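Asker: Sequence:
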Amino acid sequence: MRALAYLRGTTYALGTLLVLALLAVGTVGIIAEIKGTWHWAIHLESTVSYLGVFVAGVLALLLPAATLLVIARRVVDE
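Start counting at 1 in the sequence shown, then tack on 14, and there's your number in our numbering.
Some hints here could point you the wrong way.
[What the hints assert, rightly or not] Estimated spans, in silico, between C-beta atoms of each pair:
id, residue 1, residue 2, range
1, Ile44, Arg87, 14 to 24 Å
2, Val89, Ile45, 42 to 52 Å
3, Val89, Trp54, 43 to 53 Å
4, Phe68, Leu18, 19 to 29 Å
5, Ile48, Val89, 45 to 55 Å
6, Val62, Val89, 46 to 56 Å
7, Gly43, Leu18, 16 to 26 Å
8, Ser63, Arg88, 16 to 26 Å
9, Leu75, Met15, 34 to 44 Å
10, Ile85, Gly43, 35 to 45 Å
11, Tyr26, Ser63, 25 to 35 Å
12, Tyr20, Gly43, 14 to 24 Å
13, Val33, Leu82, 17 to 27 Å
No wet-lab data here; the hints were simulated from the structure.
All figures in this text were calculated on a predicted structure; none of them were measured in a lab.
Beta carbons: idealized from backbone N, C-alpha and C, even for Gly.
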């Protein structure tokens with residue numbers, strides 16, 4: 015049961031990181047659209063590039079963790 019709690023916490027933490035990364039990209043995108051300058055377009059491009067790598071890493075950890083959590087909860091509940 016303790017391992018399940020750690021797995022749940024890890025899954026929630028990774029999900030939170032994913033949401034915050036997407037929020038950061040959205041925020042920079044909105045600012046770039048409002049400002050409309052090439053300077054902010056460069057910021058948006060670099061933000062998407064760096065956070066794309068970050069999101070890929072988070073998803074590589076999140077998907078197996080979420081799968082294990084679903085399987086473990088079904089096994090423990092039965």
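Asker: Next step is simple, just say for each hint if it's right about the structure.
Answerer: Now for the hints, and whether the structure bears them out:
1. Between Ile44 and Arg87 the beta carbons are some 37 Å apart, a value that contradicts the proposed interval 14 to 24 Å.
2. At roughly 46 Å, the beta-carbon separation of Val89 and Ile45 lies within the given 42 to 52 Å, and the hint holds.
3. Taking the beta carbon of each, Val89 and Trp54 are about 50 Å apart, inside 43 to 53 Å as hinted.
4. In this structure the supplied range 19 to 29 Å holds for Phe68 paired with Leu18, their Cβ-Cβ distance being about 27 Å.
5. At roughly 50 Å, the beta-carbon separation of Ile48 and Val89 lies within the given 45 to 55 Å, and the hint holds.
6. Between Val62 and Val89 the Cβ separation comes to about 39 Å, which falls outside the hinted range of 46 to 56 Å.
7. Range check, Gly43 to Leu18: about 37 Å between beta-carbon atoms, so the 16 to 26 Å window is missed.
8. Range check, Ser63 to Arg88: Cβ separation about 38 Å, and the 16 to 26 Å hint is violated.
9. At roughly 22 Å, the beta-carbon separation of Leu75 and Met15 lies outside the given 34 to 44 Å, and the hint is violated.
10. At roughly 36 Å, the beta carbons of Ile85 and Gly43 sit within the given window of 35 to 45 Å.
11. As the Cβ distance of Tyr26 to Ser63 is approximately 27 Å, the hint placing it in 25 to 35 Å holds.
12. Take Tyr20 and Gly43: their Cβ atoms lie about 35 Å apart, and the range 14 to 24 Å is violated.
13. Taken as a hint, the range 17 to 27 Å holds for the pair Val33 and Leu82, whose Cβ atoms sit roughly 20 Å apart.
Violation of the numbered hints given earlier is confined to hints 1, 6, 7, 8, 9, 12; the remaining hints are satisfied by the structure.
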